[in-house]
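Enquirer: Here the structure of chain A is known, so what remains is to put chain B in place on it, guided by the hints.
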Amino acid sequence: MKYKATRTTLAPLVVAAGIIAMPMGASAADEIKIGMLSAFTGTFASFGQLQKEGAVMALEEWNYKVAGKTIKVIYADDQLDNELAVTKAKQLVEQDKVDVVTGLVSGDEGLSVASYMKGKDIPIVPMYSASEDSTMRKWYPFVVRPTWTGAQPMDVFGYWLSKVKGLKKIYMIGEDYSYPYNQAGGFKRGFLRGGGVEVTTVWHPVPTSDYSSIISSIPLDKKYDAVLYNGAGSDAVAFVKQYVEFGMQSKIPLLGQSNTFEKPDLDSMPQQIVGAYSAHLTADDMNTPNWNKFRDAFQKRWQHSPSAASEFAYGSMELILRAIKARNGDVTDKAALAAAMHKVDLSDEPRGPVALDEYNAAIENVYIREVAVGSDGVMYNKGLFTAKNVNQFGPYDSKIYMKQPSDGPSSPPDLRADMPREMLEVAKDYEFVPFGK
Amino acid sequence: MNQHILILVLNGLTQGALFFVLGSGLTLAFGLMRIVNMSHGAFYLLGGYMGLTVLRLTGNWTVALVAAGLSIALLGLLVERGLLARIRAGGDLSQTLLTIALSMIIADMALAVWGGHTQSIRSPAALSGPVTVFGFTYPGFRYVLMAISAAIAFGLWLLLYRTRFGIAVRASVDDRETVSALGVRIDIIYSLMFMLSAFLSGIAGVLGGTYLQLSPGEDTTILTYSLVVVIVGGLGSLMGVVVSSLILGQILSFSLAFAPQMSMFLVFVPMAIVLAVRPEGLFGRRL
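From first to last, the protein sequence lines stand for chains A and B.
Final position of the first sequence in the numbering used here is 437; the numbers increase by one with none missing.
Final position of the second sequence in the numbering used here is 287; the numbers increase by one with none missing.
In case anyone wonders, no lab produced these hints; they're calculated from the structure.
For every residue, glycine included, the Cβ atom is placed at its ideal position computed from N, Cα and C.
Hints may contain errors.
Just a sample of chain B residues kept apart from chain A, beta carbon distances all over 12 angstroms, derived [what the hints assert, rightly or not]:
| hint | residue |
| --- | --- |
| 1 | Leu-10 |
| 2 | Val-133 |
| 3 | Leu-156 |
| 4 | Ile-167 |
| 5 | Ala-276 |
| 6 | Arg-285 |
One-sided and incomplete, this derived list gives chain B residues near chain A with beta-carbon spacing under 7 angstroms [claimed, not checked]:
| hint | residue |
| --- | --- |
| 7 | Leu-8 |
| 8 | Gln-15 |
| 9 | Gly-116 |
| 10 | Thr-118 |
| 11 | Pro-139 |
| 12 | Gly-166 |
| 13 | Leu-212 |
| 14 | Gln-261 |
| 15 | Met-264 |
Chain B with its partners taken away, still in its complex shape:
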């Protein structure tokens, strides 16, 4: 029985790790640019498919992971420079609508290129086998996923709180007019942040495509979870994403074990409570 609970906790951590990689990118871009990127899920799916293709060509999972992250970051740059920046004057709503349109276009193109059937990325042989610790066996890749996610969390913290770039970003979140008056190129910060966000969703696509699967429709499912994570944590808050993805992961894991029919409902309960009691989210600031 105790072993059962331990597995459930680990399962929750695995899910939470993926949610963190997804949610952190989404929330950081929002905190800075005030737009919710509704094509984040489509970026995820596309990243997964890019990883799949690169893995088939090179046979190297790590290369696939990096290539997917970089290619989606490049896409993010094109989207930000080529589309979002042009309609920034139109306000948050038109930018958000644009990302919805983009998500549909990406999903349909992915369907045309990679087909409709379910595929998954083979995990690296060295990491995929079950790992036994203290007589307790658990799929090895799930530990890898947790480690990558923790490393990303640490890296993001370093970037935001220990670099000049991070200072500029945080200052822009508070007062973009003053920051640009001080001579900081805020449009470059926007582009870099949107690229980072896209990079993370591309990486998440490979991680998710490896331990779960890739198929049409996965983009909207994953976007829903990401939005819940970000809303519960507080839009724009990195700490909020850490906490809410851990909570959401455990809720999903335990509800699927004990009341699977209720799991979707239970995922949205905390969101409803948070929205009712603290609309800005657990760690969010009032806008």
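Next up, chain A with everything else stripped away, as it sits in the complex:
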């Protein structure tokens, strides 16, 4: 605690030092500045790093040049601290005078920065931050998110588990902040709509390192069909490891949220979890020309395989660069730049074709996956089924969807009986196509 306070008091000094050290204005006319704000250190450092690798790859493919202009990227590290994120965003906007803000890895961070950026009239392209309200209830036309919302893959996942796999009751343990709320919200809607009865939710602070007491308190006598761990990164590695150590895996199956079993965290998990299901917008065994081209180039550049975070960053940066090209390098009219972003063709996106809806949110394929072991003995997420062209509202009408309260720790409700009727019946639900078809 003391530590944190000291850090905060140091911040103005650091900012002051930054102002003094500011270089005299570069040749601004030939330069376009992109501010990339993310968590490059701290708890989410690995996601921040994966993101940077994807973005850098896109920039290198363009050779940092678009329509005769040089692209300059200013990286800012917010350490996943929301206040620091806003401070850094302010610095990017007021001192560095960036033309676009991108990056953003986590839910709360994205919401805070988007709310600060409102009225600044600078396009903001969140790469991995998935809290749906940025492109929904709190949307404004400068927000362009060609990636995802937390609910988007989870609505599909929940529906598949109850409708196709016949599960009825889920015990969910999740990290206590906005992104897992949104993932839980999507999951509950899908699961209860597909015939599920109950999703019990338990929230824990971030980060928690010892989950043994949460795990040993899972009520085995209450006949839950599965446990869903709604957390990611170091929390997920610790949780999954202890879940297996306490012998739970043999008593009740484990499911994950979209990021739980993501690589490279999956490499630190025990192999007992093979067979665990999750849903995301990528799968490790995708085999399409666009994906293979991306994966091979990524592997060559960074010596490891890409994850969803790197692919999202690659696609987001690609969208920014293509929009600048469409504007012929003219970024003075920011509204026109945002409008150009909306029109960019992303049908060749490596993870599958992407289109943007009226809120600049992605319409895309969702993949149901299971943890499998490859011939090399290494675990990966194997694609099982695809739900095509899923938008951020899932199968719901956007007006009915947005009428519901934002997802939180206890909304939507845990029980099917408490769910509003209009959220249980839709005109047309998902179809599941075998993966790769």
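Expert: Chain B alone, transformed into the frame defined by chain A:
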């Protein structure tokens, strides 16, 4: 139900055992040198990573544990001799600020060397399996952790209360001027104590990295817990750390079981109460 409570108590003991190894080093260095080493968490993380690397090279967990402890002790010596001793005249505040700067540098270097993704140290096969006692099964490594922690507690007690070095240390805590007037090289005592403190944090890094995990950010989390343990127990008191780490471990375990959303809050409640009622901590002495 009773089995459930028993598991929760054991979980609390496991957490408490780790907190003790961390907190004892921090509090002993403070008691003697009057500085709160804010890089204690970074030492922990670095110790864990050193253990990880040594384990990969040698395949032997015990060697990794000792190597991590010794390498962080060496780092502690360098920090104490090379940095802290030079600015001792500047007072407690500049020394504490220095350790904050050091913690950031170490955390960033660890990120550059070991990367940002989560890793964990594989526990020795012989110790990692579940152990069944009286028909009750619990992960074996957690018993090992408790045993190591108890051994460290006993060892520290022996060192402080049964050796000449311990007498010198305790005397220095009370009155450093008189002790140095008596011909005791107090600067050597400082260095040895800071090394011991660093050694314990390095060991804790391997223990924590084995039953929990290692990742960037873990340094600040663990530092927060260590500070709570030390403040509740009373800065400088070994007995205080024993009691407060046991209490804190149980609070964490039971709150995560029955009110997980409240667990962080519940950890800080005892600290707030102690600070309000007995600012010097449960076993601390007024400064």
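Enquirer: Run every hint past the structure and note whether it holds.
Expert: Structure-based check of all given hints:
Look at Leu-10 (chain B): its CB is around 8 angstroms from the nearest CB on chain A, not clear of 12 angstroms, so calling it non-interface is violated. A cut-off of 12 angstroms between C-beta atoms confirms that Val-133 (chain B) is not in contact with chain A; the least separation is 15 angstroms. Here Leu-156 (chain B) stays apart from chain A, with its beta-carbon at least about 24 angstroms from theirs, past the 12 angstroms limit. The Cβ of Ile-167 (chain B) sits about 32 angstroms from the closest Cβ of chain A, beyond the 12 angstroms cut-off, so the non-interface label holds.
The claim that Ala-276 (chain B) is not at the interface with chain A holds, since no C-beta of that chain comes within 12 angstroms of its own (minimum 15 angstroms). With 12 angstroms as the threshold on Cβ separation, the claim that Arg-285 (chain B) sits away from chain A holds: the shortest Cβ distance comes to roughly 20 angstroms. Interface restraint check for Leu-8 (chain B): the shortest CB-CB distance to chain A comes to about 5 angstroms, inside 7 angstroms, so the restraint holds. Below 7 angstroms, beta-carbon pairs count as interface contacts, and Gln-15 (chain B) has one with chain A at about 5 angstroms; its hint therefore holds.
Annotation: interface hint on Gly-116 (chain B) holds; nearest CB of chain A at approximately 3 angstroms, less than 7 angstroms. Hint on Thr-118 (chain B) holds. Least Cβ distance to chain A is approximately 4 angstroms, under the 7 angstroms limit. Satisfaction of the interface hint for Pro-139 (chain B) is found here, the shortest Cβ-Cβ separation to chain A being roughly 5 angstroms, below the 7 angstroms cut-off. With its C-beta approaching chain A no nearer than about 29 angstroms, Gly-166 (chain B) sits outside the 7 angstroms limit, and its interface hint is violated.
Contact between Leu-212 (chain B) and chain A, as hinted, is supported at the beta carbon level, the nearest pair being about 4 angstroms apart and thus within 7 angstroms. Because the smallest distance between the Cβ of Gln-261 (chain B) and any Cβ of chain A comes to about 5 angstroms, under 7 angstroms, the interface hint for this residue holds. With its C-beta approaching chain A no nearer than about 4 angstroms, Met-264 (chain B) sits inside the 7 angstroms limit, and its interface hint holds.
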